[in-house]
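What follows is each chain in one-letter form.
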Amino acid sequence: MAPVVSVTGLVKTYASGFVALNDVSLNIEEGEILALLGPNGAGKTTLISTICGITTPSAGRVSVGGHDTIRDYRAARKLIGLVPQEINLEPFEKVLNTVRFSRGLFGKPRDDAHLERVLRQLSLWDKKDAKVIELSGGMKRRVLIAKALSHEPRVLFLDEPTAGVDVELRKDLWETVRRLKAEGVTIILTTHYIEEAEAIADRIAVISKGDILLVEEKAALMRRLGRKQMVIELQAPIDAVPEALAHHALETGPDADTLIYTYDTQRERTGITRLLNEIQAAGLQLRDVQTRQSSLEEIFVGLVQEEERG
Amino acid sequence: MNLEAVRAIYLFEMSRTFRTIWQSIVSPVISTSLYFVVFGAAIGSRIDQVEGVSYGAFIVPGLIMLSVLVQSVTNASFGIYFPKFIGTIYELLSAPASFLEITAGYVLAAATKSLMIGVIILLTAFFFVDLRIEHPLWMVSFLVLTCLSFSLFGFIIGIWAQNFEQLQLVPLLVVTPLVFLGGSFYSISMLPPVWQTITLFNPVVYLVSGFRWSFFGMSDVGLGWSLLAILAFTAICLATIWWIFRTGYRIRS
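Residue numbers (full-length UniProt numbering), protein chains in the order written: chain A, 1 to 310; chain B, 1 to 253.
Calculated directly from the structure, the hints in this document are not laboratory data. This structure is a prediction, so every number in the text was calculated from the model and none was measured. A virtual CB, placed ideally from N, CA and C, is assigned to each residue, including glycine. Hints may contain errors.
[Stated by the list, open to error] Only pairs whose alpha carbons sit at most 27 Å apart, straight line, appear in this in silico DSS-like list of lysine-lysine:
1) 84/B to 94/A
2) 84/B to 108/A
3) 171/A to 128/A
4) 140/A to 84/B
5) 84/B to 131/A
[As the list claims (entries may be wrong)] Distance ranges between label pairs, derived from CB positions:
6) 18/B to 72/A: 34 to 42 Å
7) 114/A to 87/B: 19 to 27 Å
8) 68/A to 232/B: 31 to 39 Å
Next comes chain B alone, as it looks inside the complex (with noise of 0.2 Å):
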């Protein structure tokens, strides 16, 4: 294992996000502030209690979702695309290191840095909110999980994208409406009957679920199947990335 080659690729990518460590987190933690404001001020002073949960403590784990989500694909697909776009890629292909380590530095700065965005959301919440954590363990283990799945996920993104249009295509028309959908501000249980069973082709239902059981202790399905949808999800990613560093897609002629 070359793990020098994976604390390189790792500390050079961190240094990159202390480089413009203000819009990576501050504009996350502005938008989500934003999203508490209407959502939970405004709106949700109309809204009942969610299965005894008061409405701005309910939309947290989503709004923790939706960012780390959407940053972990934004992160990772960046920090790879780039390095394509501007050619430095040359050193990463000749280098001694495998495509584990590859993506492991990659993936894992990316994930690190949506893990702080989470957590800094998190924090924010407390201002706004009452809230609890039911099974903090569990909390922090989907945290974790979800930012290196999509981080994954990001990374492949920017492997696939051949400009900067392609690099904001997915997260822009896919993630953001699969999190949209995927019970971030309701329950799957207020939708008509039809809507509950078309939701559950989301796999963003899951990873939101049982993000939120870790908070309240209560889910839309069960906490077997967003572990499960979570790891199949990984695994997913992972066999794309090797299938693409065995075959040099995109990056290797």
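Bound-form chain A, shown alone (with noise of 0.2 Å):
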């Protein structure tokens, strides 16, 4: 199946110079969860900013549905809805006067129905006459959703949604996410907060310095870059690490009576039975053994450090 956002080579360098895209490509699945992680700066609104049409591309193109956003723009931007990262509202007017402008904008005959039960999946209808100025935060932040929803988008750009937003809304917000892809809507979401990304995206996307480094389906990005670490509790603390286990190249853990064995679970052998046999062979005593996985996190910023270096 063709991709439903598709961006060749795209460059975009501002007037001061800044490069903030360098020659992107990447393909979004229709129906998919894409996140698009980096760090402050690393270009992420400028790409969702020049898929949308509010920043001019240098070089490159970019198509929605098979149109191209400059040539075929009515086309292109009717499939999108665009949540902003700021919250960039009219404060003066009505939360349904807003949506229904937004609505009306897109090219959409009016129809309230559809307003009301958007307003209501994001718990707005009850503030529909109030006035923007009056809502709180996460309030503000819900109609800007609201509005990026009113025109029945088939990709939906969130960007950062969930900054600065507490716990009960982005519970919320994540379960509109999931209700949207179950109707088949494609959702590309930026966000620092990885622990966001690998809760809820298919795929990940990783951008750093206007250069996306990688594109991988989560599961298979954690197997991939994922290692694991067995952390050892002996009965007793240890003054330095017996010299029988020294080629397992293990460390010690803040307490004397730690040990910790990093190992990679895509390897054939991951040397823990060899491990513990010597353990045990060197007279140790195990009080507890746990494992865990690095978090995405860790991946993230591993990535990111390597793409410095190098």
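These two chains come separately, so use the hints to put the complex back together.
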């Protein structure tokens, strides 16, 4: 199936000479949730803005639903809903009116039943006649989402949707994202919160300094780059790692009675059996053994550091 | 054509107008009434008729033009500057709407508001002076055209302005002086010959002159020149806006 969003050789150089996007190519499949991860200033927002038409590309092309975003901008943009990072809302207008405005702007005839559905799903219906300025920060964030959903987009961009949002709203947001995915909407979200990407995304793209470092299935990425650690607690503290265990490259933990063994789950032999046997042979007594998977955050930090070194 | 977008912008902007209806309508009516009291009654009583029209009635078209020009520029510039200022412009830039549709929405709304103010001032004038309108259709046409063309001009100012000071600069330093020196309160023939020539470079002269002709059947310059001036001004504004959207000047990076 053709990708719903296709970015080819996209370059964005700002008037200041700053290169925000450096030859970015990316395909986004229909119906998936793609998390775009990257540090501040990596180019996440520029990439989204360029796809949505807010920023003009310096080179390269973007198509949405098969429509070129420059030549056939009307057809392309009709498919897109955008929730910006900043809370940009007309402060003195009523909630329902700002949402109705968005629907009209995107060329859809007035449909108050649809708007009611959207507002109810976002728990905004009882605030429909409130002025935006009277709402809390979290409520304003919901209004932005309602505006983006008002014209029934097929592709939804969420730029840092949970920045500065409380736990309750964050849960609601993910609920909304899952429901939209179930309805067939493609979702692209940017976030710093890696646990979010880990919890919700199908695929993860990592962007740093205007380059896409990788795009991969989340599970495969975790498997491929995921290192595991085994933390071995001993009955008694030791002064140093015994000579016989030196070749395992063990680290000692913060307390003198723990040893940490890092291994790669993708290798044919993880070396666990041998290590445990040799620990026993060295005469050390075990109190507890636990393993933990490195998080996406560690993977991500590793990748970005690698890029900076390379 | 995305007419829904034009409608959405228009209704959204009109909703702002009606939200601030008192400051939108009352202040120009009060200031115009003050002009009538000062220029019409106090000073006007010592001025003879101007070409057969009492001075109080003579200044009515100029007063309407003064308000309509300033209001058109102010309304339209604020209308597009505000989304830039609060950041909601992202929605306009990402919408499936062309420059013509976005401009039409904002400019029609601003023009509607100044037309309303123009009509209210005209109605107010009937309370103060004995007024006749010889060419009502021409009067309405001039009024509507002026509202539209100066709203286009205001739209450009709103895109150009990078802060509130710049936003007020043009109405204050350019439009108001041009209107005052454009024959709102006098006939050009009352000026010394040198100034009569200089005045002809002021585009507002043509507007006021044409508009006054629709009331009293007399004008400083020919009706054709007045029409030509306003149409040329509209065309220049439209071309500028087309260029702005094509290059993204000050709105799209």
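Quick rundown of the hints versus the structure:
no., hint, in the structure
1, 84/B to 94/A, "holds, 19 Å"
2, 84/B to 108/A, "holds, 24 Å"
3, 171/A to 128/A, "holds, 22 Å"
4, 140/A to 84/B, "holds, 18 Å"
5, 84/B to 131/A, "holds, 20 Å"
6, 18/B to 72/A: 34 to 42 Å, "holds, 37 Å"
7, 114/A to 87/B: 19 to 27 Å, "holds, 26 Å"
8, 68/A to 232/B: 31 to 39 Å, "holds, 37 Å"
Checked against the numbered hints above, the structure violates none of them.
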